[in-house]
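Q: Each chain, letter by letter, is given below.
Protein chains: 2
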Amino acid sequence: MTKVLVLHSVGLLRSALTALLRSEESFDVAASGWCTAQQHVESLRPDVCVVDLDCPGTATMLEGGPAGGGAALGRHIGLLVLASAARPGALRKAFEARALGYVDKDASAGRLVRAIRKVAEGERFVDESLAFGFLEASRMPLTARELSVLARAAEGESIAEIARGLHLSNGTVRNYMASATRKVGARNRIDAIRITQGAGWV
Amino acid sequence: MTKVLVLHSVGLLRSALTALLRSEESFDVAASGWCTAQQHVESLRPDVCVVDLDCPGTATMLEGGPAGGGAALGRHIGLLVLASAARPGALRKAFEARALGYVDKDASAGRLVRAIRKVAEGERFVDESLAFGFLEASRMPLTARELSVLARAAEGESIAEIARGLHLSNGTVRNYMASATRKVGARNRIDAIRITQGAGWV
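The listed protein sequences derive, respectively, from chains G and R.
Using this note's numbering, the final residue of the first sequence is 204, and nothing's skipped along the way.
Using this note's numbering, the final residue of the second sequence is 204, and nothing's skipped along the way.
Some hints could be false.
A pair counts as met if it fits within one copy or between any two copies, since identical chains are not told apart.
[Stated by the list, open to error] Okay, derived cross-link-like pairs now, SDA-like style, lysine to any residue, Cα gap no bigger than 25 angstroms in a straight line:
#1 185 with 86
#2 185 with 125
#3 120 with 131
#4 185 with 143
#5 5 with 116
#6 185 with 61
#7 185 with 160
#8 5 with 32
#9 185 with 170
#10 5 with 166
Rather than coming from a laboratory, the hints here were simulated on the basis of the structure.
Start from the sequences and build out the full structure, keeping to the hints where you can.
A: So, in structure tokens, the structure goes:
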């Protein structure tokens, strides 16, 4: 039997993904939200954790949030993410958290089942439709500083607040904002935030 | 038998919701993405359409998009939406599209099944946990003009572009932006966009 843990913050989608995987007789499926993820991981010791990259809370978890960090998860358990090529930033976060499996959210249920089997054996599984997303992720033009300025601006912080928060001058924050806007081909700051958020970078 | 059609733009989640509902023996379940929704509605004549309010494409459909418009759908078929109290704007769009069923996305699978039965009988079903969202929706402070200015700004349009698009002067657009920002209690334009997008208004 392969022990599968579905982690998702939305109750109904968690139940639905569980129902889908329970139709596989060789899978022993459990599910949890993010708050109790760590406990479930410790008590169940799943072979594979299935995570939706677009689900609220996933990015925080992958970057080392409540569940002890995605990298911690990825080191001990086969991490499998449901992803989309349109969000290269999210793909990169999953990669940095050592995910083994990358399944396109538009794939068939059969592909997800095959991917789970692969990851349970410690092998990598990457949907070829996600390849373009990985390519985009490798060409990410923004620096970490530009990204953190954009992320704070996206939360509604003013230039002065961002400057205080990152120990920079107002002028430097404006420069980062301008270079980020130019690099992603945006028309203005709001457009730069829209583009980077859409791609899963901030 | 109750004929249920699951409409969702994300393949795997569509399959998962279908698997969940197929465990009910009295349901005859089909699924479709948005592109082929109209054909499926016409050929299957479902009793109930299940729609995820947060799924890309849903808002467009509810406001009269490709599938002939949500109101058209709601008039002929029992429309049931999977919703969240945190997005009152999306709830209002569903209400205007004459949805009969409103199920909290964090509800149990059993509640969704009960809601589908109700809606199939032509009755209304509203999860009580969504009540606060409906209250928020009824207190929406922004005018249609302020919302359309914000929506265009969120797409990255400049003040001048918005002014041209809506046949207004630049000063009037600035005034709408300022009043919208003040009314939603935002710190600046970007914050106003963040707040209204998060609530499902734009």
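Q: Please go over all the hints and tell whether each is borne out by the structure.
A: The hints, checked one at a time:
1. 185 with 86: within (23 angstroms within a copy, 36 angstroms between copies)
2. 185 with 125: So residue 185 and residue 125 fail the 25 angstroms test inside a copy (36 angstroms) and across (53 angstroms) alike.
3. 120 with 131: within (18 angstroms within a copy, 40 angstroms between copies)
4. 185 with 143: Result: close within a single copy only, 6 angstroms intra versus 36 angstroms inter.
5. 5 with 116: within (14 angstroms within a copy, 30 angstroms between copies)
6. 185 with 61: within (23 angstroms within a copy, 31 angstroms between copies)
7. 185 with 160: both (21 angstroms within a copy, 18 angstroms between copies)
8. 5 with 32: Answer is within: at 8 angstroms inside a copy they meet the 25 angstroms cutoff, but 29 angstroms across does not.
9. 185 with 170: within (21 angstroms within a copy, 31 angstroms between copies)
10. 5 with 166: neither (47 angstroms within a copy, 58 angstroms between copies)
Checked against the numbered hints listed earlier, the structure breaks hints 2, 10; every other hint is satisfied.
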